[in-house]
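Undergrad: Starting from the known structure of chain A, fit chain B onto it as the hints suggest.
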Amino acid sequence: MTDRRRNNGPSEGTLPIFYPDEPATTLPAPRDRQPDELRKFFLKTSLTPPASGSSYLELPSPPSPTQQSTLKLAVTVTGPRPLPHSAPFAPQARLTTELKYAPFAAQKRRGYIRDGGERELATMITTALVRSIVLERYPKSSIEIMVTVLDCEDGPHGDVGVLSGAITAGSAALADAGVECVDLVCGGVAGLDGNGRVVLDPGPGECTAVVGVGYLAARDEMTVLWTRGGMSVELEEDQMDIGGETEMERVIQAACKAAREVRKVLNEAVAEKLVVELEEKENAMRE
Amino acid sequence: MPYSQPELSFISSSLLNTPPIRPDLRTSNSFRPLRAETEILPFTNGSARIVSEAGECIVGVKAEVENFAEHMEDVVSKTARGRGGVEVGITAKAGSTGLKEEELFNLVGGWERTLEEGLREDGIEDRLGIGRGYGWKLYIDILLLTTPASNPITLLSLTTYLALRTTRLPNPISEPNEDPLFNDDWDQSLPLFPEDTTRPPLTLLVTLHGENSLIDPTAEEIAVAEACYTVTIGGNGKVMGVKTVETSGHIVGDKLDTWLGGRGGVDRSRWFSGIRYAASCAPEVRTALENLLAIEQAMES
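Heads up: the protein sequence lines correspond to chains A and B, in order. Sequential numbering of the first sequence, starting at 1, is according to full-length UniProt numbering. Sequential numbering of the second sequence, starting at 1, is according to full-length UniProt numbering.
Please keep in mind that the hints were generated in silico from the structure rather than gathered at the bench. Note that the Cβ used here is the ideal one computed from N, Cα and C, for glycine as well. You may find that some hints are simply not true.
As the list claims (entries may be wrong) - Reference listing, derived: stretches of chain A covered by chain B, where coverage requires no fewer than 3 residues with Cβ under 8 Å from a Cβ of chain B:
(1) 38-51
(2) 214-220
(3) 226-235
(4) 245-254
As the list claims (entries may be wrong) - Not close to chain A: a few residues of chain B, all C-beta gaps over 10 Å, as computed:
(5) Glu53
(6) Glu66
(7) Asn106
(8) Glu175
(9) Asp187
(10) Ser189
(11) Lys243
(12) Arg268
(13) Glu290
(14) Leu292
Said to hold, decoys possible - Below 35 Å or equal to it, Euclidean Cα-Cα: the simulated DSBU-like pairs (lysine-lysine) are:
(15) A:Lys108 with B:Lys137
(16) A:Lys100 with A:Lys264
(17) B:Lys137 with A:Lys100
(18) A:Lys44 with B:Lys62
Isolated chain A (complex conformation):
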């Protein structure tokens, strides 16, 4: 029943309308790194004991609350394990990837049901990693990758950052699980800032266009490519002397360069477990 006896205000509050003279622009936080300097990140494998392989990737906490550069990812790999009896015969392993944002991962709360963006990222992670796995080695088996995003940045470049991080962490987890691969895949991100300058590993609000790649550093090949934002693909006169590359190609090259840097950390993280195992073996031999 609506109350008709009193003169009530509107049930939902309204806001006064303002028309600023010119559109207010939020200035992005200035970059405190060199254009080709990446943010430091933490990567460690074998942190989830029941899984056959796992890894954890984290960008260190932002130095100030205004700089919201953050990313925390946990990846687990289950398998290779036999396919269920109901599944048809498969001569090679089947790779499935699931990606879920924690409800509290970004500023806006996420539901428990996976949305389009999450499935889109999962498909791209599958494409990036499947090319590196020697699937013929594991007939009639399935390999499952589960990516949990605990913390991430908002906006388009945040999604690309999650993709790149998930590829790196996913490859580390696959190596941790002992799955045979032709090479480790690392993710790299580069962007184009407002002044047309190419920057590696852009922070929040820094770039107008972003590129994320999945990159096999040892083979110099790309398995996945995702670009967002307009970039020119025409050779301009002043770019002729930079090796005849278009704007987009320069950014993609930069993303591969970022991935090569990431590869150094990935190598360390994967080797860490092997070194520990070797030491344990040596100690056992001595005893």
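TA: Relative to chain A, chain B alone:
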């Protein structure tokens, strides 16, 4: 149905020739034959339908007046003229097609978001403003009527392009500082994309086979592709987005058999040549679609 190893090997080796020999003998930049018509839905602001070997698709564009000033975040970024909004939705006809939502998603992925971003970057939202915080909200509804024979992104993009180009909005007769009021006469309506503005974005699917790049690939071509990705080209000729698409050849059902597992990636120069190839084909495709619109208009008058 998955393809057998001999099938895949045969298709792959014939596509690696120079020039490539495609199963249907097309050249690398030719499309499958298609039939198109525009302005088929009387209750929409613009519509189009394309039937081709790839499938059948209908797109309807509807515009609604919305008060964008109600949302606080919009007020901050608003000028007196206001702006509009764009929303894209893709559905497959349930029942007869048997294409489940999940399967449609596996094919189309987040393409609707790429389209929205492309339209926004071309500044469509500013043109949709009416005044006093009011703006047009543009709903682009894409309906796939048949189970597509291959990844339908190219088909959807061409149909959307035609629908957007035929979209007309009622002519406002109110001043920018008044509440909106429109001219009832449909003949006085204004086109959403007048001649002097940039054209809507186009998305082309490209597959890489050795040194060859193919446009509008069929399902078996996608199955053997070393890389398969969409290239979205904006009206200003810039590339708005490149996105890798899964290369399994299955349309319906299990999608996890990958022929190319463990074969590594594709080197950068070939990715670049694919993007350049798609970008160089886009003006030609655009001209063909514009010619088609001109013929339709000539037939009407």
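Undergrad: All hints are to be evaluated individually against the structure, with a verdict given for each.
TA: For each hint, the structure was consulted:
1. 38-51: It is violated: at least three residues are needed, and the stretch 38-51 of chain A offers just 0 whose Cβ sits closer than 8 Å to chain B.
2. 214-220: With 5 residues closer than 8 Å to chain B, the stretch 214-220 of chain A meets the three-residue bar; holds.
3. 226-235: holds (count 9)
4. 245-254: holds (count 5)
5. Glu53: Holds, because the least Cβ-Cβ distance between Glu53 (chain B) and chain A comes to about 25 Å, which exceeds 10 Å.
6. Glu66: holds (14 Å)
7. Asn106: violated (7 Å)
8. Glu175: Check passes; 14 Å lies beyond 10 Å.
9. Asp187: The assertion about Asp187 (chain B) holds, with a minimum of 33 Å to chain A.
10. Ser189: Label holds. Min Cβ-Cβ 27 Å, cutoff 10 Å.
11. Lys243: Its Cβ does come within 10 Å of chain A, the nearest being 5 Å, so this is violated.
12. Arg268: The claim breaks: Arg268 (chain B) does not keep its Cβ more than 10 Å from every Cβ of chain A (closest is about 6 Å).
13. Glu290: holds (21 Å)
14. Leu292: holds (25 Å)
15. A:Lys108 with B:Lys137: holds (23 Å)
16. A:Lys100 with A:Lys264: holds (27 Å)
17. B:Lys137 with A:Lys100: Roughly 31 Å separates the two Cα atoms, so the pair holds.
18. A:Lys44 with B:Lys62: violated (51 Å)
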